[in-house]
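*Asks:* Each residue of the sequence shown is one higher than the one before, starting from 9 at the first, in this note's numbering.
Think of the hints as simulated: they come from the structure by calculation, not from any bench. Quick caveat, the model's predicted, so the values are computed rather than measured. Hints are supplied without guarantee of correctness; some may be wrong.
The calculated DMTMM-like cross-link candidates involving lysine to aspartate or glutamate, where the alpha carbons are at most 25 Å apart (straight line), are [unchecked claim]:
| # | residue 1 | residue 2 |
| --- | --- | --- |
| 1 | K112 | D93 |
| 2 | K75 | E54 |
| 3 | K112 | D57 |
| 4 | K75 | D57 |
| 5 | K75 | D93 |
| 6 | K112 | D21 |
| 7 | K75 | D48 |
| 8 | K75 | D21 |
| 9 | K112 | E39 |
| 10 | K112 | D72 |
| 11 | K75 | E22 |
| 12 | K112 | D48 |
| 13 | K112 | E22 |
| 14 | K75 | E51 |
| 15 | K112 | E30 |
| 16 | K112 | E81 |
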Amino acid sequence: MQSRAPVIAIVDDEPGVRRALERLLGLSGFESRLFASGSDFMEHLEGIDGVILDLHLPGMSGFDVQKALAVREAPIPVVVLTGNDTPANRARSLAEGARAYLTKPVDDEELLQALRMLAPAASRR
Numbered sequence: 009m010q011s012r013a014p015v016i017a018i019v020d021d022e023p024g025v026r027r028a029l030e031r032l033l034g035l036s037g038f039e040s041r042l043f044a045s046g047s048d049f050m051e052h053l054e055g056i057d058g059v060i061l062d063l064h065l066p067g068m069s070g071f072d073v074q075k076a077l078a079v080r081e082a083p084i085p086v087v088v089l090t091g092n093d094t095p096a097n098r099a100r101s102l103a104e105g106a107r108a109y110l111t112k113p114v115d116d117e118e119l120l121q122a123l124r125m126l127a128p129a130a131s132r133r
């Protein structure tokens, strides 16, 4: 019996980033669900094993999403992926519970390693 592929939500307001990450994850044994906003993601948490979360989103920021996940006690591990790296953003993201904090442009292998730590059953291709 084969287990299902881990489902990773990609929450980023840039369509090109979402598509590129979806391709990378698909080739690496993950399923993806794409969201352009934090509020849209928060309405579709069921079946999500992890999330790649941008910090700067329209409306509900990545920080707001992290807080909302904590309030709901939703056990969805977060990998922050931001283009706006500052010491304050890094410290706040990690304090809010992010399992990893990565910056754009991200090294593919570094991102995949972070995701595999979230979902160890993922394919190791």
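*Asks:* So, for every hint listed, does it hold in this structure?
*Replies:* Results for each hint:
For the hint linking K112 to D93, the alpha-carbon distance of about 9 Å falls within 25 Å, and the restraint holds. Only pairs whose Cα atoms come within 25 Å are accepted, and K75 paired with E54 is accepted, the gap being roughly 18 Å. Proposed proximity of K112 and D57 is supported: the alpha carbons are some 22 Å apart, at most 25 Å. Using a Cα cut-off of 25 Å, the hinted pair K75 and D57 holds, with the two alpha carbons roughly 18 Å apart.
The straight-line distance between the Cα atoms of K75 and D93 is roughly 19 Å, inside the 25 Å bound, and the hint therefore holds. Among the hinted pairs, K112 with D21 is consistent with the structure: their alpha-carbon atoms are about 13 Å apart, no more than 25 Å. A hinted pair counts as satisfied when its Cα atoms are at most 25 Å apart, and K75 with D48 qualifies at roughly 15 Å. Restraint check: the Cα-Cα separation between K75 and D21 comes to about 19 Å, which is no more than 25 Å; the hinted pair holds.
For the hint pairing K112 with E39, the CA-to-CA distance comes to about 21 Å; that is within 25 Å, so the pair holds. For the given pair, K112 sits about 20 Å from D72 by alpha-carbon distance, which is consistent with the 25 Å threshold. Pair hint K75 plus E22 holds up; C-alpha atoms about 22 Å apart against a cutoff of 25 Å. As the CA atoms of K112 and D48 are separated by approximately 22 Å, the hinted pair is consistent with the 25 Å bound.
Simply put, K112 and E22 have alpha-carbon atoms about 12 Å apart, close enough for the 25 Å limit, and the pair holds. Proposed proximity of K75 and E51 is supported: the alpha carbons are some 15 Å apart, at most 25 Å. Straight-line distance between C-alpha atoms of K112 and E30 comes to about 15 Å, which keeps the hinted pair within the 25 Å bound. Simply put, K112 and E81 have alpha-carbon atoms about 28 Å apart, too far for the 25 Å limit, and the pair is violated.
Of the numbered hints given earlier, the model fails hint 16 alone.
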